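Whenever a hint applies, use it, and build me the whole structure from the sequences.
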Amino acid sequence: MKRVGVVALNTFREAVRDRVLYNLVFFALLMIAAAILVGQISIGIEQSVIVSLGLSAISLIGLLISVFIGVALVSKEMDKRTLYALLSKPVRRWEFLLGKFGGLVLTLAVNTAAMALGLFLAMLYVKHSLERSDSSVLIAVYFIWLKLALVVALALLFSCFTTPLLAILFTTGLYIVGLYVQELRDLPVEVLSPAMAAFTKWLSFLLPNFENFNVMAMAAHGRAIPGSLILNNTLYTMIYCAIVLTATVVVFSRRNLK
Amino acid sequence: MPVPAIETENLTKEYPFGFLHLKKRTSLEGLNMQVEMGEVFGFIGPNGAGKSTTIKLLMGLIFPTEGDARILGKPISDVEMHRDIGYLPEQPYFYDYLTAAEVLDYFARFHDLSAADRKERVQKMLKKVGLETAGKIQLRKYSKGMLQRVGLAQAILHDPKVVILDEPMSGLDPVGRREVRDIILELKRDGQTVMFSTHVLSDAEMLCDRVGVIVGGKLRGTGAPGQLVEMKTQGMEVLFELPGTSNSPLVAKATRTGERYRLEVTEEELYAAIDQLRAAGARILAVSQVKATLEEFFMNLVEADRAQAAAVEVSEK
Chain A
70 MKRVGVVALN TFREAVRDRV LYNLVFFALL MIAAAILVGQ ISIGIEQSVI
120 VSLGLSAISL IGLLISVFIG VALVSKEMDK RTLYALLSKP VRRWEFLLGK
170 FGGLVLTLAV NTAAMALGLF LAMLYVKHSL ERSDSSVLIA VYFIWLKLAL
220 VVALALLFSC FTTPLLAILF TTGLYIVGLY VQELRDLPVE VLSPAMAAFT
270 KWLSFLLPNF ENFNVMAMAA HGRAIPGSLI LNNTLYTMIY CAIVLTATVV
320 VFSRRNLK
Chain B
2 MPVPAIETEN LTKEYPFGFL HLKKRTSLEG LNMQVEMGEV FGFIGPNGAG
52 KSTTIKLLMG LIFPTEGDAR ILGKPISDVE MHRDIGYLPE QPYFYDYLTA
102 AEVLDYFARF HDLSAADRKE RVQKMLKKVG LETAGKIQLR KYSKGMLQRV
152 GLAQAILHDP KVVILDEPMS GLDPVGRREV RDIILELKRD GQTVMFSTHV
202 LSDAEMLCDR VGVIVGGKLR GTGAPGQLVE MKTQGMEVLF ELPGTSNSPL
252 VAKATRTGER YRLEVTEEEL YAAIDQLRAA GARILAVSQV KATLEEFFMN
302 LVEADRAQAA AVEVSEK
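Here the protein sequences line up with chains A and B, keeping their order. Going by the working numbering, the letters in the first sequence line up with residues 70 to 327, in that order. Going by the working numbering, the letters in the second sequence line up with residues 2 to 318, in that order.
Don't take every hint at face value.
[As the list claims (entries may be wrong)] Calculated cross-link-like contacts (lysine-lysine; reagent style DSS-like; alpha-carbon spacing at most 27 Å):
id, chain 1, residue 1, chain 2, residue 2
1, A, K71, B, K125
2, B, K145, B, K75
3, A, K71, B, K137
4, B, K219, B, K24
5, A, K149, B, K145
6, B, K142, A, K327
7, A, K149, B, K137
8, A, K71, B, K25
9, A, K71, B, K162
10, A, K145, A, K71
11, B, K129, B, K75
12, B, K24, A, K327
13, A, K149, B, K25
14, A, K327, B, K145
15, B, K145, B, K189
16, B, K142, A, K145
17, A, K327, B, K125
18, B, K120, B, K142
19, A, K145, A, K327
20, B, K137, A, K145
21, A, K327, B, K25
22, A, K145, B, K145
23, B, K129, B, K145
24, A, K71, B, K120
25, B, K125, B, K142
26, B, K189, A, K149
27, A, K71, B, K75
Since the hints were made in silico from the structure, they are not lab data. Given the structure is predicted, the values throughout are model-derived calculations rather than measurements.
Now the structure itself:
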């Protein structure tokens with residue numbers, strides 16, 4: 070596992086040196102502008118506007134990083150052939166993959182945490198105080214981070230057997246489909262044949278369910294998020310990531326580098 | 002019996018191509034080769050001959066279609082064996098957001114070296130490859146030759162028993178080439194085994210205990226550079242000066258450079274030729290053996306391969 074850590078830390082260092090964290094400047098500016106504007110135009114709904122805007126921005130920026138950098142994690146190493154020298158060291162391909170995954174998830178953790186701090190500062194500016202119920206915003210940020218980890222795992226999988234462009238399309242497509250998994254599961258049986266109903270149900274369990282991670286409305290209104298949802302989402306992400314990463318390792322371990 | 006440093010058995014690599022990947026192109030065909038411990042082995046062949054394919058197979062970057070290979074007696078699939086191997090990829094490229102010192106330190110971490118040991122080795126290597134003053138510059142600002150030096154440094158950083166270098170002289174100026182040659186000889190003196198690929202034959206002639214010649218994915222011969230070239234018929238060269246002119250047919254056959262003439266004859270014809278030249282008033286300056294060079298041997302193989310490929314193409318039509 071030490072080698073996984075070495076690769077992960079280098080991936081984090083790459084993100085920092087390639088100025089990925091500069092997005093925080095954009096987020097900070099957005100939060101400052103929002104906090105000032107919200108105070109002037111909304112009456113009584115400052116909290117929900119600022120939280121909704123903040124969480125949406127955290128999610129969107131995180132998704133862009135996860136998809137684009139997630140796809141480039143391995144494909145760039147293969148394309149530039151930086152991987153050759155690394156794999157000539159006593160490093161297994163799965164250690165390299167886990168390290169790359171861990172490095173980007175760490176980067177996203179730092180990035181998301183910094184943005185969450187920005188959001189809380191904006192909330193403090195608007196409301197002049199923080200309450201206990203604001204902890205649901207923190208949980209919403211945690212759910213975004215879990216969701217991003219899952220997106221990174223998918224991006225990594227696709228980038229191991231297809232071109233970067235297709236990998237971006239597949240990952241984005243799967244993310245969008247994953248937002249509507251519940252609808253797929255709840256399709257009225259009467260409009261479908263029994264076989265089709267069984268298929269859509271089976272498919273809805275196979276596809277990543279991103280809908281469960283969206284608690285923005287609850288956080289915006291300061292409603293408590295149930296502990297069972299926190300546990301479920303954490304376990305779901307861990308298990309789903311483990312399955313996707315195992316598939317990635319299987320694909321990548323057999324791949325001939327060009 | 003000592004274990005060979007590198008050993009391949011019927012190593013074959015085919016690449017599928019075409020829309021449905023139904024056609025196959027053979028990059029390497031049934032390679033059987035051994036590199037002994039402590040020797041410098043040159044793997045020579047024209048571009049696209051299968052040199053890099055062989056090296057990538059040995060390093061586990063691609064997988065063989067058939068056959069097997071062992072390094073230090075261990076199968077190439079054994080990643081732990083990489084502790085004892087150093088590898089320089091062809092036209093190496095490294096993380097350009099790191100400095101040379103950082104990249105070497107990064108690679109050293111995979112060899113379980115202590116922080117103090119890593120620091121010492123990194124400095125030593127930077128000095129060895131002539132980058133001690135550029136060690137703190139990000140690699141994105143490096144020239145191709147400087148990257149090649151970083152590549153060489155990371156290959157030998159951990160004192161490997163076997164060093165595999167893919168085109169180590171590529172991209173280097175004459176000074177750099179000389180330095181790489183010195184490093185290879187130094188590795189040999191330290192008892193390390195070096196296998197390097199090149200298409201620069203003078204490098205192979207100068208450095209190698211043995212060479213393997215690969216053309217068109219097939220190994221065409223292995224042996225000491227001297228042994229290989231003896232396969233070609235040798236001749237004799239006569240260097241002479243001739244004041245005035247002469248009608249001798251031998252003089253007409255000779256190549257003139259200024260006042261001097263150079264004539265190539267067979268060993269049997271030598272004495273008769275000298276007599277005739279002296280009779281024509283020539284002053285003999287030197288008589289020497291014409292040794293076939295590795296280049297001639299190599300070119301003969303390449304031309305034979307091209308002729309064969311052309312014949313196959315005609316017969317297929």
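Okay, the hints, checked on the actual structure:
Between K71 of chain A and K125 of chain B, the direct Cα distance comes to roughly 25 Å. Compliance with the 27 Å bound is thereby established for this hinted pair. For the suggested pair K145 of chain B and K75 of chain B, the alpha carbons sit about 34 Å apart, so the restraint of at most 27 Å is broken. Only pairs whose Cα atoms come within 27 Å are accepted, and K71 of chain A paired with K137 of chain B is accepted, the gap being roughly 26 Å. The hinted pair formed by K219 of chain B and K24 of chain B meets the criterion: a straight-line CA distance of about 20 Å does not exceed 27 Å.
Note on K149 of chain A and K145 of chain B: the hinted pairing holds, with a Cα-Cα distance of about 14 Å set against a maximum of 27 Å. Of the supplied pair hints, the one linking K142 of chain B and K327 of chain A holds, its CA atoms being roughly 26 Å apart against a limit of 27 Å. Between K149 of chain A and K137 of chain B the CA atoms are separated by roughly 22 Å; this keeps the pair inside 27 Å, and the hint holds. For a cut-off of 27 Å, the pair hint linking K71 of chain A to K25 of chain B is broken: about 40 Å separates their Cα positions.
Restraint check for K71 of chain A and K162 of chain B: the C-alpha separation of about 24 Å stays at or below 27 Å, so the hint holds. For the given pair, K145 of chain A sits about 23 Å from K71 of chain A by alpha-carbon distance, which is consistent with the 27 Å threshold. Distance check on the hinted pair: K129 of chain B and K75 of chain B sit about 30 Å apart at the alpha-carbon level, beyond 27 Å; violated. Of the pairs offered as hints, the one joining K24 of chain B and K327 of chain A holds, with about 18 Å between alpha carbons and a cut-off of 27 Å not exceeded.
Taking the CA atoms of K149 of chain A and K25 of chain B, the gap is near 26 Å; set against the 27 Å cutoff, the hint holds. Distance restraint check for K327 of chain A and K145 of chain B: the Cα-Cα separation of roughly 20 Å lies within the 27 Å cut-off, and the hinted pair is therefore satisfied. Of the pairs offered as hints, the one joining K145 of chain B and K189 of chain B holds, with about 26 Å between alpha carbons and a cut-off of 27 Å not exceeded. Only pairs whose Cα atoms come within 27 Å are accepted, and K142 of chain B paired with K145 of chain A is accepted, the gap being roughly 19 Å.
Proximity of K327 of chain A to K125 of chain B is assessed by CA-CA distance (about 33 Å); at most 27 Å being required, the pair is judged violated. Under the criterion of a C-alpha separation no larger than 27 Å, the hint pairing K120 of chain B with K142 of chain B is consistent with the structure, at around 23 Å. Restraint check: the Cα-Cα separation between K145 of chain A and K327 of chain A comes to about 12 Å, which is no more than 27 Å; the hinted pair holds. Distance restraint check for K137 of chain B and K145 of chain A: the Cα-Cα separation of roughly 24 Å lies within the 27 Å cut-off, and the hinted pair is therefore satisfied.
Proximity of K327 of chain A to K25 of chain B is assessed by CA-CA distance (about 16 Å); at most 27 Å being required, the pair is judged to hold. Proximity of K145 of chain A to K145 of chain B is assessed by CA-CA distance (about 19 Å); at most 27 Å being required, the pair is judged to hold. Using a Cα cut-off of 27 Å, the hinted pair K129 of chain B and K145 of chain B holds, with the two alpha carbons roughly 18 Å apart. Among the hinted pairs, K71 of chain A with K120 of chain B is consistent with the structure: their alpha-carbon atoms are about 19 Å apart, no more than 27 Å.
Between the alpha carbons of K125 of chain B and K142 of chain B the distance comes to roughly 22 Å, so the proposed pair stays at or under 27 Å and holds. Of the supplied pair hints, the one linking K189 of chain B and K149 of chain A is violated, its CA atoms being roughly 31 Å apart against a limit of 27 Å. In summary, the hint linking K71 of chain A to K75 of chain B is supported, as the alpha carbons are separated by about 24 Å, within the 27 Å threshold.
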